[in-house]
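Read off the chains here:
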Amino acid sequence: MTHPLLAIVLLPLLGFLVNGLVGRRLGPRFVSLVGCGLPIAAFALAVKCFVDLGATGAPIVDRVYVWAAFDGKEFDVALAFDRLSAVMTLIVTGVGSLIHVYSIGYMKDDRGYARYFAYLNVFLFFMLMLVLGKSLLVMFVGWEGVGLASYLLIGFWFEDAAKARAGIKAFITNRVGDAGFLLGMFVLYQALGTLDMATINAAFASATPPAVSASLVGILLFIGATGKSAQIPLHVWLPDAMAGPTPVSALIHAATMVTAGVYMTARLSGIYMIAPEASFVIAVIGVATAFFAATIALVQTDIKKVLAYSTISQLGLMFVAIGVGAYGVAVFHLYTHAFFKACLFLGAGSVIHALGGEQDLRKMGGLARRIPVTFATFAIATAAIAGIPPLAGFFSKDEILWFALASERGGSAWLFAAASLTALLTAFYMFRLLWLAFLGAPRMDAETAHHVHESPPSMTIVLAILALGSAVGGFVAVPHYLEPLLPLPEIRAAVAHLEPAVIAVSVILGFAGLAAVAYFFGGDGRRAEAAERRFAGVHRVLSGKYYVDELYDRLLTRPLAWVSERVFLVLGDRVLLDGSLHGLAGLARRTAGAFARVQTGNLQLYVFLALAGLVAALAWAALHV
Amino acid sequence: MDKTQLLVALGVALFAAGFVGIVVRRNALVMLMCMELMLNGVNLTLVSFAQRMGSTEGAVLVFLVFVVGAAEIAIAIPILLLLARARRTLDVEAYADLKG
Amino acid sequence: MIEDLLLGVFASAAALSAIAMLVARHPMRVAIALIVCMLALAGIYALLGVHVIAVFQVLIYVGAVMVFIVYVIMLVDMRDNAFASRYSWLLVPGAVVAAALVAAICDALWRGGAAPEAPGGARFGIQAFSETFLNEYWLYFELVSVLLVAAVVAAISVVKLGIGRRG
Numbered sequence: 093m094t095h096p097l098l099a100i101v102l103l104p105l106l107g108f109l110v111n112g113l114v115g116r117r118l119g120p121r122f123v124s125l126v127g128c129g130l131p132i133a134a135f136a137l138a139v140k141c142f143v144d145l146g147a148t149g150a151p152i153v154d155r156v157y158v159w160a161a162f163d164g165k166e167f168d169v170a171l172a173f174d175r176l177s178a179v180m181t182l183i184v185t186g187v188g189s190l191i192h193v194y195s196i197g198y199m200k201d202d203r204g205y206a207r208y209f210a211y212l213n214v215f216l217f218f219m220l221m222l223v224l225g226k227s228l229l230v231m232f233v234g235w236e237g238v239g240l241a242s243y244l245l246i247g248f249w250f251e252d253a254a255k256a257r258a259g260i261k262a263f264i265t266n267r268v269g270d271a272g273f274l275l276g277m278f279v280l281y282q283a284l285g286t287l288d289m290a291t292i293n294a295a296f297a298s299a300t301p302p303a304v305s306a307s308l309v310g311i312l313l314f315i316g317a318t319g320k321s322a323q324i325p326l327h328v329w330l331p332d333a334m335a336g337p338t339p340v341s342a343l344i345h346a347a348t349m350v351t352a353g354v355y356m357t358a359r360l361s362g363i364y365m366i367a368p369e370a371s372f373v374i375a376v377i378g379v380a381t382a383f384f385a386a387t388i389a390l391v392q393t394d395i396k397k398v399l400a401y402s403t404i405s406q407l408g409l410m411f412v413a414i415g416v417g418a419y420g421v422a423v424f425h426l427y428t429h430a431f432f433k434a435c436l437f438l439g440a441g442s443v444i445h446a447l448g449g450e451q452d453l454r455k456m457g458g459l460a461r462r463i464p465v466t467f468a469t470f471a472i473a474t475a476a477i478a479g480i481p482p483l484a485g486f487f488s489k490d491e492i493l494w495f496a497l498a499s500e501r502g503g504s505a506w507l508f509a510a511a512s513l514t515a516l517l518t519a520f521y522m523f524r525l526l527w528l529a530f531l532g533a534p535r536m537d538a539e540t541a542h543h544v545h546e547s548p549p550s551m552t553i554v555l556a557i558l559a560l561g562s563a564v565g566g567f568v569a570v571p572h573y574l575e576p577l578l579p580l581p582e583i584r585a586a587v588a589h590l591e592p593a594v595i596a597v598s599v600i601l602g603f604a605g606l607a608a609v610a611y612f613f614g615g616d617g618r619r620a621e622a623a624e625r626r627f628a629g630v631h632r633v634l635s636g637k638y639y640v641d642e643l644y645d646r647l648l649t650r651p652l653a654w655v656s657e658r659v660f661l662v663l664g665d666r667v668l669l670d671g672s673l674h675g676l677a678g679l680a681r682r683t684a685g686a687f688a689r690v691q692t693g694n695l696q697l698y699v700f701l702a703l704a705g706l707v708a709a710l711a712w713a714a715l716h717v
Numbered sequence: 042m043d044k045t046q047l048l049v050a051l052g053v054a055l056f057a058a059g060f061v062g063i064v065v066r067r068n069a070l071v072m073l074m075c076m077e078l079m080l081n082g083v084n085l086t087l088v089s090f091a092q093r094m095g096s097t098e099g100a101v102l103v104f105l106v107f108v109v110g111a112a113e114i115a116i117a118i119p120i121l122l123l124l125a126r127a128r129r130t131l132d133v134e135a136y137a138d139l140k141g
Numbered sequence: 010m011i012e013d014l015l016l017g018v019f020a021s022a023a024a025l026s027a028i029a030m031l032v033a034r035h036p037m038r039v040a041i042a043l044i045v046c047m048l049a050l051a052g053i054y055a056l057l058g059v060h061v062i063a064v065f066q067v068l069i070y071v072g073a074v075m076v077f078i079v080y081v082i083m084l085v086d087m088r089d090n091a092f093a094s095r096y097s098w099l100l101v102p103g104a105v106v107a108a109a110l111v112a113a114i115c116d117a118l119w120r121g122g123a124a125p126e127a128p129g130g131a132r133f134g135i136q137a138f139s140e141t142f143l144n145e146y147w148l149y150f151e152l153v154s155v156l157l158v159a160a161v162v163a164a165i166s167v168v169k170l171g172i173g174r175r176g
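Residue numbers (the numbering used here), protein chains in the order written: chain U, 93 to 717; chain E, 42 to 141; chain C, 10 to 176.
Anything over 12 Å on all C-beta distances counts as not near chain U; from chain E, calculated: (1) T45; (2) L47; (3) A50; (4) T86; (5) L87; (6) F90; (7) M94; (8) G99; (9) L105; (10) G110; (11) E113; (12) A115; (13) I118; (14) L122; (15) A127; (16) R129.
Under 10 Å between C-beta atoms, here's a sample of chain C residues computed to sit facing chain U: (17) S97; (18) L99; (19) P102; (20) G103; (21) V105; (22) V106; (23) L110; (24) A112; (25) A113; (26) I114; (27) D116; (28) R120.
Chain E stretches covered by chain U per the calculated footprint, using a threshold of three residues with CB under 8 Å from any CB of chain U: (29) 56–65; (30) 130–140.
If you are wondering where the hints come from, they were derived from the structure by calculation, not from laboratory data. The C-beta atom is built at its ideal place from N, Cα and C for all residues, glycine as well.
Work out the full structure: start from the sequences and follow the hints.
Right under this line is the structure:
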């Protein structure tokens, strides 16, 4: 096969076209076959490429075609497959295919079945373009494309205005970040004359780095990552994005799209390695986001919202790793997070499916015996995210905490303390989620309780596979695999001996969270309610998500709407444009009216004017000839 | 100033007088008569030049102008009379139907 | 000498009668002034030696055209609005433009010198005239006769139109 990468990218696009154009007419079975079969084929191809990569060691490059050529410079569409792309592609196609299969059961009776699979496939196409792109330009096309797919899928049930608005919010917030990304691209092109990422990394890593400030470029690109990966201040779209179908939340807003920012900063590690200021900014924003999102997740009552804030928090931890120079560790956490977060989201979907659409935690409980497979997989994934050894999350989170303390490039005690506190909170709210949803006494009404049933095999098998991944995935040494490409930072000599202590701390934090939940929510849950009453003010602020949305509304949305209304509509459009056009028309009318005065119908006037003109001509000739 | 120049000047003067009459007089029949005056002025210039150049062709042309003028007045008067009958007046200011 | 005197007399007559046409109130007086002007012009033509044209001037213009106009004036009621106020509002502008016209043409006229005198006389006799007319310009002769037929047809249809409207 001469263009394996191109095939991997185009298979989902084919699925999009087929399902989008003729899917509705050909029925759900055909749509499922095409919609799931093509991503699975792409996964198989990715595995083959991975094996080939391991055999030869050299990255596979696919030059597809030259997009533009001018001024002696060329912009070509090229795909590259090296170790980092391999990890990402396998995650995207592997977890993606699983979620496609899960969707068969979840979206079974939906009217937009074919449209759903078409959109999922187009998302895969763009995401693969993002991770396989060789130049920033191709990556940016994929970047924008996944934003579009996210918008289409969040607002999938667009007849509900609130859901449609959530889609728009996601898209616009992304666009704000993309402005930063574009500016970063422009600065890079201006300085280096190319957007090829390998060339950029080499240029920055060389002995004579380019004359542009690496920190400036790093921060601009990170702004794009903030938008896509939902970090402060552009995190506001992710909780609202839960309006979309649950498999969409699993795929896009947990496993793949939101990790694009992490991938991008890891890919351009060459820039960040000589940009300590930018790395510091990333680490600070990462840990701040992680902490704040974790605090908000403590009090959420919607099962999907808890998971949304959890995603924001975990992404923050990934950026902490990026910020201290441990790029391979960030990708490792990305990889384990894909497994357990997808499992959690799909498990939540299974719960919602079982309860006939209920998402409020206060109306759940006591489901463990009724839907055992869902409960088992959910419990495994929860333990993974809480960092209970030997599950996957423990390994990746422990690495992050270690490098947060000990990295030569920005590791410090306070960073470690904040990250550890976040880990504690993570364990707490995740076990709280598990407890409220599955354990304790049932709090739903009798009618719903009667209909609780386990999900069909297409859903439960996927949950089992993902739970398995969450359990044993940590034993795959991803940072070691990525070491040739993304070297790990040096360890600070002062704290080098604290490694075992850090491991112990992270284990203790995981179990401490479990114990705290058992304390507060065990029995009849009275202690939790009492704590809530005692800290009512704090609870209100957390429930209001620190009122960030309200702040943005007051600060940005309302002034913008005012400007649109009063300046552009009334002044610009009506007064200036319409007024000038009407004014011109009126001018034409008045001028014509003035000229029409000549037509008096009086013969004598006409004769007079004719001869007066003639005499004028004669007079001119008499004077000039 | 010799004879030809004087006569041509007279012809132009008659032409101008006819023009003034058309533009100024309000009676339609008087307008027509002033048109005849203009025609006569032109004829005079033609004859003067023909006589100076000694060409018979000029005389022939003058004769043709006579005939055409006669034919023209033969039609113009009846049309004018019909118009005057329709409007019940010979005042040309009453004929301004094409105003606007 | 006498010729120059007569020429001056006839020229003055033509000019004065033209002015009288502009000033007279009754259309009949205007017609009479026009007849006088035409007769003066006929005299000028005769003095120039173009006797044929002089005769035709009197025959056609005075004898046919002016008689026709006089008949019409006699048959139409003259006492209407145009009788009371003679002039339209274009009196001054018209006079100005006419004066400019005369000035422009006369200026062009008097710039050049005198044209060479050509042998005249017998060339304007009836024989020379007829020969030239019917030998070289017989096509125009035919065309003119067609024009006259067209004029007759038009006159008759106008009369019929008039009858139709009344009847």
